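In order, the protein sequences belong to chains B and Y.
Residue 1 is where the first sequence starts when you use my numbering, and the numbers rise one by one after that.
Residue 1 is where the second sequence starts when you use my numbering, and the numbers rise one by one after that.
I should point out that these hints are in silico values taken from the structure, not numbers from a laboratory.
All figures in this text were calculated on a predicted structure; none of them were measured in a lab.
Please note: incorrect hints may appear among the correct ones.
Anything over 12 Å on all C-beta distances counts as not near chain Y; from chain B, calculated [what the hints assert, rightly or not]:
hint, residue
1, Cys107
2, Pro241
3, Met257
4, Pro267
5, Val404
6, Arg405
Simulated pairs of lysine-lysine, DSS-like, Cα-Cα distance not exceeding 27 Å [to be verified]:
hint, chain 1, residue 1, chain 2, residue 2
7, Y, Lys351, B, Lys376
8, Y, Lys351, Y, Lys239
9, B, Lys373, B, Lys350
10, Y, Lys291, Y, Lys137
11, B, Lys188, Y, Lys137
12, B, Lys373, Y, Lys97
13, Y, Lys125, B, Lys376
14, Y, Lys324, Y, Lys239
15, Y, Lys324, B, Lys323
16, Y, Lys291, Y, Lys179
17, Y, Lys125, B, Lys373
18, B, Lys183, Y, Lys38
Note that beta-carbon positions come from the ideal geometry of N, C-alpha and C, so glycine has one too.
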Amino acid sequence: MISSRTSSDKINQLIKCMKFLARLYRNQGHTHYYQMMADYFTRVRDARQNGDFVVAHTIFFPVEILRAMDIVPMHLEFTGSLMSLFGISTNDLLTRAAEMGLAPEICSAHRLIGGALDTGVLPPADAVVCSNLVCDSAIKTGELTMEYNHCPGFVFDYPFNQTEAADEFIIRELHDVIEFLEKVSGHKMDWNKLSEVVVEVDKQLALIRRINELCKTVPSPFQPQDFLKFLVVDYMATGMPVITRYLEGLVSELSEMVAAGKGFANPERLRLMGLMIPPWHLQGDIDAVLKEHGAVIVYYPNLCDWGQEMHLDPEKPLESVAKKLAACSPMRMFGPLDERALNPVINGVKEYKINGAVNFAHLGCRQMGPTLKIYKDILDEQGIPVLNIDCDLIDATVTTADEVRNKMEQFFELLEDR
Amino acid sequence: MGSITAETGSPLLDRFREVNSTFPETARIREFRASGGKVFGWLCTYVPEELVHAAGALPVRITGYQQETELDDGNAYLYIVSCSFSRSCFQMGLRGKYSCLDGVIAGSTCDGARRLFDHWRRYIKTPYSQLLSVPRKYNESTLELYYQEILDLKKNLENYLGISVTDESLLNSISLYNKSRELLERLYALRKRPEPPISGAETLEVLNASFRMPKEIYNPWLEELLGKLKVSEVKHRGKARIMVIGSVLNNPAFIKSIEDQGGLVVTDELCTSVRYFSDPVVREGAEPPLKAIARRYLTNFPCARMFPSSERFDRIIELIRNYKVDGVVSQNIRYCVHCAHDLPLLKARLKEIGIPVLALDIEYGTSGSGQIQTRVQALLEMIEANRSKSY
Ligand code: SF4
Ligand code: SF4
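This is chain Y alone, in the form it adopts within the complex (with noise of 0.2 Å):
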């Protein structure tokens, strides 16, 4: 196994690492604001970036420590029975780490997300804040609701920032976003390869940055790397191709624990990930743009919020074969309910198709212990197993 920079010898992953490791508090951020910019932290992905953006501000993804940590003040407010990312986001902001933020923009996504932002609201007071309805299904009702929200979100936000947000600065903003898709697209597919030139937990260390800087600068970078992966000579093996499912995941150590077992991790259905860039904004004729933001949103590559689950399901199998995995590891944060609530079902689904599925309760910012370690291990010899058993 090698690592881009290794192999390149540039300092292409280098980048990407620096803004995640310096986060909340990056450079791109700091230069940001010194120019009079402002900086809306956003939660879950159905909050549309492209809105924002459109109106002057940069969005960046409010996640929490991205290491396992004691949350002694996330616990005090949010109980224990909130998900620890709720209570590892609110933390931090509560200790002034997200003192970068001029609004909070959330969505009803779920119990997690709207306790947090609740208190988020009331002890962290960020001068701006909204949280939005987001509906739990698709169709031309549940649209025109969520629509709706989103209006009400560009006029606030046009009257906290002065401006207006026109229709030629939300087409930009798509198509900057849009780009942005695509091109992390074009990363997954050098994934499908036997041999990807790209590990999982590299990978997740790209993604995380894309939500954290701007997207004019992040977009050229991406491309660049990706002229260098597809000439590489990194040849990533492993025994098993594995993907990853379940609740939102930011630390790439938990997928390198996976791989350091020999597991090939090869794509995955996470929020900060797939769910994250899948499915561009489609314009449908003359439309509003921001109704085709409206639609986006709502029938993107589903969270496990929505329903009906079988539509999540179908998308994860659609992954599995296109891929070709051998492995599922289902990662679910304590207390994020719908994805818990969702295994057997998926479980059965997956066995029809032979796929064994590895579930772990995990703590938010796990770097993947021991144990965890032991049962991938677990599973992957079952894969290995299997597969001698069909020859």
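Isolated chain B, as found in the complex (with noise of 0.2 Å):
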């Protein structure tokens, strides 16, 4: 299969859309994650003419690899997913895929690789390196893409229960996928830079368990929607050195904010954990109904909390980024639905002072979806309401603003009431 059109119009407009706020956030730790964005997306868009070599990957392969290898990455998912959260249209993409035959109960993330691929939104890559985390649309939408890109890939086969032949065997496809990446790209691994992005890696984890302490605090300083920005940062950009300058700069903003007893909410009256992603095109609604009625999402467990201090060990750095995966927590929601994965949602709500939780159950999702009686039924356990909102990541048709704002609202009343 071939692509149809060719056009870097949408990349062109998440990187005029990341400049702008790159600016807009002058002097603060915004600016450097927007200023990583922008660059990011440039880079890919201009790898061709610079001669790089990219690699199209889906959702947490680990980018440590491709960085200390210098080639250049694209994350297939969330290059979709970002359009949607700029307010950059991806109907005719979604549109796209219904024509390629790609079913509606695709998730729309998935969709919608399919539509950029075959529209030629999405810029060429010269390999593919896929898995099957989190879910069983990673792997065929790393297939399509080579289809589409006539580039070879590599299937990074994450097993599903943590044993220690499961760790042994997470290290040799490790080995292979670099073997696979040193053949198809003629890089050679840079070890020492593996190195140094492990301890880069180190630091950024141990700043997002500081942020997500500050969390606890009320009122709580964090606005809700920048839990997303830790994904994007992770998934994206882990171990850059500008990373680092972000989380630090967040640090500083939101520690000057507890200090000066200031929350997101003023008055906050309710905590909320949230469960998982919320529609990306409607993030600023969301934080706006919850500022209004001084509700904020302080938690999302299953998103953003790197759990205990885990020490990576710069001397072995591809265990390091082995065990820094393992950790990382959506992964909870590949791996089996056990203590593991559940405790921290039961020991969340203690810990953060949680009245309520909100689960955004995404249409098409059926990691997250299939979730939601577990979670309302141990969340009930504990005495906290669970509320459920059907939506869709990115089909901005499925729900509109409005409906959310109504349902929140009416939460937000059940839990004032208690």
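Put the complex together from the two separate chains, hints included.
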């Protein structure tokens, strides 16, 4: 299959947005974040003319490896999601995906990639690495990307159970993927650079933990939609020094707010747990309704909880990369829904003084949707009501901002009446 | 068209039907349990039945309701975004239909199966449960991982059942299960005939029984059936030779609805049929029998979950050639997304060899609605029209 058109318009729009936001936030931690994003997509867009080697990859592939090999990463799911976040129309891409024959039940994040491949919105890739993380769609999207780019690919096969044999296997897989990348790109793995990246990652995880701690204070200083930025930095830019600067800026900004007793919502009346990712295009609307009602989402156990302190050892960079991947909280959705996955939710209720939980049930996600009953039951035991909102991460036609607002307002009333 | 029962006057198919209509509370399962045997349910074709059998237990496949059913409990627990197969199985379990099971063994084969297992363990609480990591690709390293997973299963079964699984018992089980595979291959070979003695719907009934009863009883039944079919005068005819592909399928009425329109279903790539019995376990040298089992399960006719999908596509095309297939019906259970993802690429491959594909989005257990029948008719007409054009 060959794409019918080529256009980098949407990528250009994305870069423009990022540059604008980087200017807007001048002198704050966020400016580093947006600048990093602008640079990321500029590098992807211009890779061909600069003679860079681009590897398209699906979610959770450890980008530390690509960085240490001086390969340009292109995150497939997030490129589409960020378009949606920044209001760049994605309807045409979803329509194209339907015309290609991708069933509507397939998660929109992945249908969007199909449409983007077929319309040439995604810049070309020289190779693809995909994995079975975190759902069935990732490998399939990886294969489709290989097909459209006529390029080689590697599947990073991540074991479901965490066992000794699985740990050994993951290291073998990482060695194999490095061998594959060296062969197809001609770039050698720079082990010193990988160690440096690991050191930086370690610092960044400590900073995110520090931010989570700051969110435990009443009132919480953190703007809820910024949790998503942690996902973006982890999946796209982990280990880059600019991310350390962004997180350090954020920590000092939030610490000042805490010291001054300032919160996201003033006064803060309701503290919420967010179970799943809210629709990208409704972030602003959700934060607005939260703020108006003195509510704040203070904890996303499945998105940004890095658990206990863990030391990443630069002397063993590959083992550290594997260790970090295993500790990543969205991985709890991949593995068995056992104590390891559920305890953070239970413990979070007390630690973050939670009044209620909000679940954004993304239609098409066979990972998140089916967890709802289990989460509801364990939160019920803690006396925590759960609001479920059916929505779509990307497709803006599924749930409107007004519908989300109405549901959230009714829920806040219920919580206030308790 | 005729049916085996009517033609031979023997109750051969009725025996299989009886197993299917009473499952999971079949007489054989009850007898087995009454004699102290343990029954283990398995989910998906990546769980090695031979190992469970060698541990002295009876492996039976967990399936959902035979017909499309309201899935109130399934929806409430697994949510509507899980495939209806997993919701159907879960609801049966939750309502006590699988109380005959002493254990459940699943594979991490897909999102649907994984979440079904999470809920099964939490809410149905069958005494023994284990989920195996099943790699998505095959090489020495993934083979080693999967081998370790089933070694772990072996140890756990030994502890749970208080027995020891010897190489000898594994070899016996391999031979029993391979025999079954060989007989099913022979059954399928009969369908290569221009006018096969058994219909597609009937074949699925025979297949359904194969994973719901002891192979020790099943194999002789199947041998007897093959003997009768060989000399049978029954001839099934149709307007076109059809292959059914896609998600799990247990309801023969779905196949029958295609055959009632004049489509002669001659083969498939379903995990309840061809993908279940193809490729025997072959031991290389003096390797541990469990290693041979591991290799067979990872290299068997691939499910859509495996990488690269071209291997699945190649084997589908091989079947199309061997069975002289004119058209393909792809039945995808909604939210069985690996099959759905494969469709555009598979259709492109089949287009290259001139094979039309009818893609149906269905729910598990469907018998084939009026709309489906109309679309099947359109496919058959298209095949006929193409055929007359080429003359
Ligand atoms: S939202 Fe769910 S289905 Fe979509 S990519 Fe993420 S895990 Fe997969
Ligand atoms: S029908 Fe598809 S998604 Fe559902 S359990 Fe089977 S393979 Fe998995």
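Now the hints, each set against the structure:
1. Separation of B/Cys107 from chain Y is inadequate, the least Cβ-Cβ distance of about 8 Å not exceeding the 12 Å criterion.
2. Every C-beta of chain Y lies more than 12 Å from that of B/Pro241, the closest at about 34 Å, which supports listing it as non-interface.
3. Residue placement check: B/Met257 keeps its beta carbon more than 12 Å from all beta carbons of chain Y (closest about 38 Å).
4. Interface exclusion of B/Pro267 from chain Y stands, the closest Cβ pair being 36 Å apart, more than 12 Å.
5. For B/Val404, the requirement that its beta carbon stay farther than 12 Å from each beta carbon of chain Y is met, with the minimum near 19 Å.
6. The claim that B/Arg405 is not at the interface with chain Y holds, since no C-beta of that chain comes within 12 Å of its own (minimum 24 Å).
7. At roughly 47 Å between alpha-carbon atoms, Y/Lys351 and B/Lys376 are farther apart than 27 Å, so this suggested pair is violated.
8. A hinted pair counts as satisfied when its Cα atoms are at most 27 Å apart, and Y/Lys351 with Y/Lys239 qualifies at roughly 20 Å.
9. With a C-alpha separation of about 21 Å, the suggested pair B/Lys373 and B/Lys350 falls inside the 27 Å cut-off, and the hint holds.
10. The suggested pairing of Y/Lys291 with Y/Lys137 holds, with an alpha-carbon distance near 16 Å, which does not exceed 27 Å.
11. A C-alpha spacing of about 25 Å is found between B/Lys188 and Y/Lys137, which places the hinted pair at or below 27 Å, so the restraint holds.
12. Note on B/Lys373 and Y/Lys97: the hinted pairing holds, with a Cα-Cα distance of about 21 Å set against a maximum of 27 Å.
13. Our distance criterion of 27 Å between C-alpha atoms is met by Y/Lys125 and B/Lys376, whose separation comes to about 19 Å.
14. In summary, the hint linking Y/Lys324 to Y/Lys239 is supported, as the alpha carbons are separated by about 13 Å, within the 27 Å threshold.
15. Distance check on the hinted pair: Y/Lys324 and B/Lys323 sit about 52 Å apart at the alpha-carbon level, beyond 27 Å; violated.
16. At most 27 Å may separate the alpha-carbon atoms for a hinted pair to count; Y/Lys291 and Y/Lys179 meet this at roughly 19 Å.
17. Pair hint Y/Lys125 plus B/Lys373 holds up; C-alpha atoms about 16 Å apart against a cutoff of 27 Å.
18. Only pairs whose Cα atoms come within 27 Å are accepted, and B/Lys183 paired with Y/Lys38 is rejected, the gap being roughly 51 Å.
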